[in-house]
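J.: Respectively, the protein sequence lines represent chains A and B.
Heads up: the first sequence is residues 1 to 220, going by the working numbering.
Heads up: the second sequence is residues 1001 to 1232, going by the working numbering.
Hints in this document: simulated from the structure, not taken from any laboratory.
Heads up, some of the hints might be wrong.
Claimed, not checked - Calculated lysine-lysine pairs in the DSS-like style (CA-CA distance at most 25 Å, straight line):
hint	chain 1	residue 1	chain 2	residue 2
1	B	K1008	B	K1214
2	B	K1098	A	K34
3	A	K166	A	K190
4	A	K34	A	K47
5	B	K1162	A	K47
6	A	K150	A	K81
7	A	K81	A	K190
8	B	K1008	A	K81
9	A	K56	A	K81
10	B	K1098	A	K78
11	A	K193	A	K166
12	A	K38	B	K1098
13	A	K190	A	K150
14	B	K1162	A	K38
15	A	K186	A	K165
16	A	K165	A	K190
17	A	K38	A	K78
18	A	K193	A	K165
19	B	K1098	A	K47
20	A	K193	A	K150
21	B	K1162	B	K1098
What the hints assert, rightly or not - Short derived list, chain A residues pointing at chain B, Cβ under 10 Å:
hint	residue
22	N7
23	G133
24	L134
25	D159
Being a predicted model, the structure only gives us computed values, none of them experimental.
All C-beta atoms in this analysis are idealised placements derived from N, C-alpha and C, irrespective of residue type, glycine included.
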Amino acid sequence: MNALIRNMVISATILGLFAVLGTGMVSYTYQMTKPQIKENERQAILKNLHAIISPKEHNNPIEQDTIEVIDPLLGSNKPIKIYRARMDKLPVAAIINSIAPDGYGGNIYLLVAIRYNGTLAGVRVVSHHETPGLGDGIEAERSNWVFAFKGRSLSNPTDRGWGVKKDGGEFDQFTGATITPRVVVKAIYKTLKYYSQHRDAIFAHTEKHASKIEVETNHE
Amino acid sequence: MSNVSYTKITRDGLWDNNIAFVQILGLCPLLAVSSTATNGLGLGIATTLVLIASNMTVSLIRNIVRPEIRIPVFMLIIASFVTAVELAMNAWFYDLYKVLGIFIPLIVTNCAILGRAEAFAARNPIPASILDAISMGVGFTLVLVVLGSIREIIGFGTLFAKADLMFGESVSWMSITLFDDYSGFLLAILPPGAFIGLGLLAALKNVIDEQLAKRQPPETILVESLESNKLS
Chain A
1 MNALIRNMVI SATILGLFAV LGTGMVSYTY QMTKPQIKEN ERQAILKNLH
51 AIISPKEHNN PIEQDTIEVI DPLLGSNKPI KIYRARMDKL PVAAIINSIA
101 PDGYGGNIYL LVAIRYNGTL AGVRVVSHHE TPGLGDGIEA ERSNWVFAFK
151 GRSLSNPTDR GWGVKKDGGE FDQFTGATIT PRVVVKAIYK TLKYYSQHRD
201 AIFAHTEKHA SKIEVETNHE
Chain B
1001 MSNVSYTKIT RDGLWDNNIA FVQILGLCPL LAVSSTATNG LGLGIATTLV
1051 LIASNMTVSL IRNIVRPEIR IPVFMLIIAS FVTAVELAMN AWFYDLYKVL
1101 GIFIPLIVTN CAILGRAEAF AARNPIPASI LDAISMGVGF TLVLVVLGSI
1151 REIIGFGTLF AKADLMFGES VSWMSITLFD DYSGFLLAIL PPGAFIGLGL
1201 LAALKNVIDE QLAKRQPPET ILVESLESNK LS
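Modelling step: build the complete structure from the supplied sequences, incorporating the hints.
T.: This is how it looks when you write it as structure tokens:
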């Protein structure tokens, strides 16, 4: 009996030792790579943002000048991030990280850049799970489809034009994939609506929310 | 067992006992990631790194760890290395990391790695275990790249597209567009294409093996098959 317990203790000690060693190695790697990973994520966000709002058009740290809002028009009941581009503190554009929740493969995450006057500066799809080869034409790397939104606004086209051609709207669908473009058009339209209703509020809070975000990042 | 020849270890990993074709292990990542040659190569290299690290460590500690706790210890080692590789890729190969996504942490669940730890590294000295890891890893990577190339060529009409994501701008020459204005063949990119492709490749390997066997004098085959029976 004693021998059995002794064996168990030795085994448990060895196992525990390896758990400590493994955890130690992982936490060391984590500490080593953490700054680089943070920087990569920042650069990735900046690259996406600068693809639609050129770096010359703003001079604020756009990736830090953000607010988070909750509104069903943006496709989620969770907070949605809005990046604000400003030139000498004057609002230039808002880039809304809205969602098309009803894609063929679930959520389609968008970046919808709206100039202060309400026209679209551009749209990009950040991530999605649409069918490769059919629905992925919404990606800027795969087709020109997403560029058709540049310069559009709530009045261009008017209400009924905001749909795919199959539904009587102005935007192309893809051969074999109607759902994906349809929901993206709808999501962009709703995002524009949200913007037109809340424009002043979007650009208003500066100090308060900036400091709130500081606190949040510190808690991580 | 300890006097297994290095030639045999290499041959086993690359061909005779190939992880994907013969052991049919690690199919989940293999089938999911092999939609392009670049993705296949990326996951292959990551898997090989983990395999080398885990085989080396398991072989190093093979006399310390008692048999009854060896599997949890191996899993701990493998999981730690996978997490380290994942973090490293996130830091230094960010674009590739985003493409491979969930399949990097899932290297843990690639049975091939635990399989090699248990079947080889736990019973063999360090140099042999490292060689085993390298040849098994390279064998796995080759299948990933070949299957990825076939699927990419048929599905997209390109080869090694976006290779610069992984190795930087200096290798953008690797990306080849084989057919301009190719509309793509969806089946090859979707999961069925992976199954069909892997099946055809495994069949091709069997045909080659049969042809080779016909050419060799029968005595050699007898000895070889006896030897492999003993091993398994």
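J.: A separate judgement is required for each hint: does it hold in the structure or not?
T.: For each hint, the structure was consulted:
no. : hint               : verdict
1   : B:K1008 to B:K1214 : holds, 20 Å
2   : B:K1098 to A:K34   : holds, 16 Å
3   : A:K166 to A:K190   : holds, 19 Å
4   : A:K34 to A:K47     : holds, 20 Å
5   : B:K1162 to A:K47   : holds, 17 Å
6   : A:K150 to A:K81    : holds, 21 Å
7   : A:K81 to A:K190    : holds, 15 Å
8   : B:K1008 to A:K81   : violated, 57 Å
9   : A:K56 to A:K81     : holds, 22 Å
10  : B:K1098 to A:K78   : holds, 23 Å
11  : A:K193 to A:K166   : holds, 23 Å
12  : A:K38 to B:K1098   : holds, 14 Å
13  : A:K190 to A:K150   : holds, 16 Å
14  : B:K1162 to A:K38   : holds, 23 Å
15  : A:K186 to A:K165   : holds, 13 Å
16  : A:K165 to A:K190   : holds, 18 Å
17  : A:K38 to A:K78     : holds, 23 Å
18  : A:K193 to A:K165   : holds, 21 Å
19  : B:K1098 to A:K47   : holds, 14 Å
20  : A:K193 to A:K150   : holds, 16 Å
21  : B:K1162 to B:K1098 : holds, 13 Å
22  : N7                 : holds, 8 Å
23  : G133               : holds, 4 Å
24  : L134               : holds, 7 Å
25  : D159               : violated, 35 Å
Violation of the numbered hints given earlier is confined to hints 8 and 25; the remaining hints are satisfied by the structure.
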